Amino acid sequence: MLSRRRFLVWVSSAVPIALVARRTDALAAAWIADDAATLRALAEAILPSELGREGAARVAREFQRWIDNYREHAELVHGYGTSALRYAPPSPRAKWSAQLAELREIVGAPLASRREIVRARLKDVRTDRMPAVGAASHVAVALLSFYYQRSEATDLCYRAQVGREQCRPLSASSRAPLPLAGGRVETSR
Amino acid sequence: MCIIGSGISAAMVADKLALTRAGTIVVVESGDEMPPLDRRAALRQRFLDYDENPWPRDHLDGYEVEGPLQSRSMCVGGLAMHWGGVTPRFSPEDFRLQSQFGVGTDWPISYEDLEAHYLEAEEVLGVAGEQGPSEMDPRSKPFPMPMLPLTYNLSLLKDWVAKAGITMWSQPSAKNSVPYAGRAECCRNDTCTPICPIGAKYSPDFTWNALRRANRVQIHTRTLVRRLEVDERNRVERAVAVSRDAAGGEIEFRAKQFVVAGGYVWSSHLLLTSRTARFPNGIANGSGLVGKYLTGHRNVQAYVRLPIKLYPGINEQHSLVSKQFMRVPRRSDGRYLRHDLRVWESASGQGPRLRGDSGALMLGDEILSDWRRRTEQGVARLRAYYDVIPDRASELTLDTSRKNQWGDPLPKLAFRDAPESAEARAWTEDTIKGLFNEMARAGNGQVQRTQSDEFQDHPAGGCRMGSDPATSVTDSWGRTHDHENLFVVGAPTCVSGSCANATLTFCALSLRSAEEIGRSLPSKSS
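As they're listed, the protein sequences go chains S and Y.
Using our numbering, you'd call the opening residue of the first sequence number 1 and step up by one each time.
Using our numbering, you'd call the opening residue of the second sequence number 1 and step up by one each time.
It is worth saying that the hints were derived from the structure and are not from the lab.
Facing chain Y, from chain S, some residues (calculated, C-beta under 10 Å):
#1 77
#2 83
#3 144
#4 173
These stretches of chain Y come out as covered by chain S in the derived footprint (C-beta under 8 Å, 3 or more residues):
#5 41 to 55
#6 143 to 151
#7 182 to 190
#8 300 to 314
#9 349 to 356
Which bits of chain S does chain Y cover? Going by a derived footprint, with three or more residues having C-beta under 8 Å, they are:
#10 45 to 58
#11 62 to 75
#12 84 to 93
#13 107 to 121
#14 157 to 168
#15 176 to 187
It should be emphasised that the depicted structure is a prediction, and the values quoted were computed from it without experimental measurement.
Ideal Cβ placement from N, Cα and C applies to all residues, glycine included.
Just chain S, with the same shape it has in the complex (with noise of 0.2 Å):
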């Protein structure tokens, strides 16, 4: 008899998906949860070191809110100059469970060990940008995409408090943005 995980793997790869999708879609919304481990190995073997354990785990946690109120079908906003409308594709939580699912070996491994494991898996990612996160066909990648298009990836990188897309005071916009914590800002001034 199939295993959960099994019988996922197997109807992602080898059954037309619009046929099992509602059911599929149901059992990988447990089976995310169950995996949270694999989730959160993978979390810090991929995402930068310097966000820490605890860093990671809480993006993975954010990841796996994300894909729970994933809403099919949504109204997406317009595109400018087109009369053609927009709806989200059907939720990629069954593909990417599966793929999770096939991740497992990961958990406990060193963390140069499971980054050969991910390649390995990405191999026929042929893409240079992020993709939105819906359109990942990884989970992997939609994990980096998650985490990088956010507001907080840009504070990392610029090691100062952007803030982008946040509530921030106008009248702090004129003068260099604050250092993180610890930090220092360079500045062309």
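Assemble the complex: chain S is given as a structure, and chain Y must be docked to it using the hints.
Coordinates of chain Y only, in the frame set by chain S:
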């Protein structure tokens, strides 16, 4: 009186008439109400997280039209629910292109005729601005609010463009630099387009909410006006509409004055679909020009890498602006070129990536290190809107192959340059790119890439104003030449589209129209 449409031009007319005139203002809007302010933070978060439309149900189903429709938005507040809030004025030259440059058509009004209404529009919207050099930026009074402060990034970029001999200043914007009209001060959420979560950016719902609270306006939503009917005296007698919620059954609106405020598409469209045996080409169309001379402006953009440390994200939607290239004399070679210039901070081409220069996949700290290395220098985004003279065949027509659910033909859009613009297009874009290269060199920078969008931005026209009924649809007040109680307001009445964001001009024109509309209505005091 009856206003058809509830976008920003309609809001200007209603606001002014409610202030000065007695009586009920009826507004008929085909779309839905939009979510109230207290829901917008959550809707914005869905937009940021999932790219979801923060204005759910802001369109009518089945309205896929042929041609470059600017937006599907049909809702209370119209497109200005998700505008960028950028409010430059046109310059005096825009109103006299034929007499000053020998191209296009002069407007029947001058900049000076509109100046008082520009001031009025800036007050109603709440514009924060910086006075530019007076020779470039003529205005008779200060802006209602202090300018949005130049960010750290923009201050550095201003110093850079000054080295190229270009004067720039803070872009005027309908965003609160201080609390204004009961709305909050901007706090740089930086999603002005498509949604401001705190109401620091003006949108027409604020005007409608105030007018409804004062019991001065009735807004009939989800009610689509299909045609206007004209009586024997050539006056519009009634607007015939359908409810989107009820099968069959027409609703009629009777009024002394009718104001069509449906923007550059739905205004001309309504006049054309009002055709009858007596008016086979639609109403207000004695000139045959309803739907003609659609206008706007195209752009050239560049991304310039500069040896400056910038921090993209401080306030990405705010920019520097210059009118140095709008306020130009006639060229000795006879060619015509006017354009605006804006500069923004940018992160273009500098985002985190999956593969490094070698093509190898990066994970862990490799991505962050690569990102940090590539952001040691800054990037500026430059854009110039350039003036496009519209051809008569730049037009909206009725599409007999596509109909809405009530059987009315949908519009079909085609923008075409007048011959003088078509002939000059390549030279125009090359000249602007040359300027961008000069600017880059002045800062020891390098143009990374340039692009030009095909569509024309801030579209307008279709019911252009003029003094001669043979060559225009309305007079300078927006009153149609053919029907003395029918006005068209805002964008459709523009003769040409200038080379700067046009919404403030649409508002100023609408306020000017309201002045004339109000003359036949009883004053509030009486």
